[in-house]
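Spelled out, the chains give:
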Amino acid sequence: MPERTQTVRTLRRRAPGLVLIAAAGLYSVVPLLSMVSAALAPQGTFPSGLSWPSDPHWHNFVDAWSIANITTLLKSSTLIVLGVVPVAVLIATMAAYAIAVLEIPLGRVFYTILVLTLTLPYEIVIVPLYEQTKAMGLLGTQWALILPLIGMNMPFAVFWMRAHFIGVPKELSEAAGIDGAGPWRALFHIHLPLARPAIASLALLMFLSTWNQFLLALVLIDDPDKRTMAGALQAFTTKYSTDQVLLNAGALLIMAPTILVFLFLQRHFVKALLQGSVKG
Amino acid sequence: MPSTRPTREGTAARGRRRLWARRWAGWLFALPALAFYGIFNFYPVLLSIQYSFYDWDGIGASTWVGLKNYTEVFTDSEQFSSLLHAFYLILFFTVLPVTLALITASVLRQLQGRFTGALARTLLFLPQIIPGAAAGVAWTWMYSANGVVNQTLRAVGLGSLARAWLADFDWALTAVGFIGTWLSTGLCTMLLLAGIGKIDNSLYEAARIDGAGPIRQFLAVTLPGLRNEIGVCVTITIIAALASFDVVYLATQGGPGTQTMVPGVAVYNLAFSDSRLGAASALAVVLALIVIAVVAPLQRLFREK
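Line order of the protein sequences matches chains C and V.
Just so you know, we're using numbering that gives the first Met the number 0 here: the first sequence kicks off at 0 and counts up by one.
Just so you know, we're using numbering that gives the first Met the number 0 here: the second sequence kicks off at 0 and counts up by one.
Same shape as in the complex, but just chain C (with noise of 0.2 Å):
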């Protein structure tokens, strides 16, 4: 008996905090439930924003896929992804092992500058990439984005690798470099070993925010089939803008690789995402 009205008091008493996150919860999921039941609405009917269709066209899914391109988009969004977190992922850590571990000779100097960068809005850089990709002939194909993604990318990574190589004791440097280890020998050997944790968030972090690239995929690549996924959303609305359930059907498959992404790696991206922002 007395446990039961523990029980009780401890549900009352958290009562309005479990309403409350519901409530939260609730909220972030509606718009995407709307699109689900509006994807699943007879097609060329006006569905209505949120219903469970009594007889839910599935196949709508099917058709979308080949309408949206999915299997093409999804080559092209693979391909920048593997052509910037990588070489991103490794430059930056190689440049943060310098300013960090070697302390070379005006490191703090291109520290600074990385970050004084870091806040720049995404608009000051469009017009020129613009004109610098068009002159190296590389405008509308996925050069055009990897390479200027690259870049974009340096401020916060090597802001990322560095806070991560300044935690790490001094002496393990020195002792690599008693043992006759040189630097590189010590990068590879001795500090990316330790590295991966801080290496793995960044990545994660960095392969969202390629893949939902949408203002650079949108001016430097003509061609909605050699975009990122994000960025060929945007033709796919324009040419389907009247048809609300192939629209959101499709919008649905556009969204659906991060979010799978994010189900099968939660608990990495949620760390990654809240250190991310604390450090940034």
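Simulated from the structure, these hints should not be mistaken for lab results.
Glycine included, C-beta positions come from ideal geometry on N, C-alpha and C.
Careful, some of the hints might be misleading.
Claimed, not checked - Facing chain C, a subset of chain V residues (Cβ under 8 Å, in silico): (1) F39; (2) T103; (3) Q150; (4) T184; (5) G263; (6) L286.
Fit chain V to the given chain C structure using the hints.
Frame of chain C, contents of chain V only:
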């Protein structure tokens, strides 16, 4: 033995020189990053500043016009109002989410167990995971004539208020703002929840012993304890508000009229529809300066102990 001294000094000098050379050799590690950053980030910023003093359509010759593009930013009603809209959006991208997150975090803290549940956590993070462009599509649908917002209004008997929100001259910008609220609230809530869990419980006990009620406890313990996390939320959401592009571009493209025009969309239109690269660059430079002017003092405010 005087004869040995020069040699020893020579060795020392050589050693110093070798050390110096080795420290410079470390730049080999930083060079690739420097190159990519220099070519595709720093140089474009400088180019933007240079373009902003010229009249240029991207093809023909460019003419030096001094500060003309900058005066236009503040006299052209479309450009100037886009800046005002950006500040208005801060209310919805920053103030509202941080307030909501503070309330949620404090209420959940009083429940002791920092339970949020895996499901709630997943849902709260969803808006942060999907591309902003997709959020634009989702909310275009939410706000449409027969979308969820109007559906809800009709269900609670406020059907007379129903309208096509994103096409409404008076409400479009506010409607866009609430998309921003949706985007930032989850992340801010999770950040503040993580932060409030780190506050030492004895601080609350001490405050309680001093006779502080819930509100005094909130002001005296919670707010100062979350200073850093609030600073982070405010900073990233303000940047998102001022430099917004994806959401607005997909939801309204700045319309109806120029009611939801934001600097990002205006820069894009000036450069790639009107081929006025100088004017676009000037607006982009002003936007960047505004971001720095707003964010830099915030950094100082939230960092100091």
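### Hint numbers not upheld by this structure, sorted from lowest to highest
none
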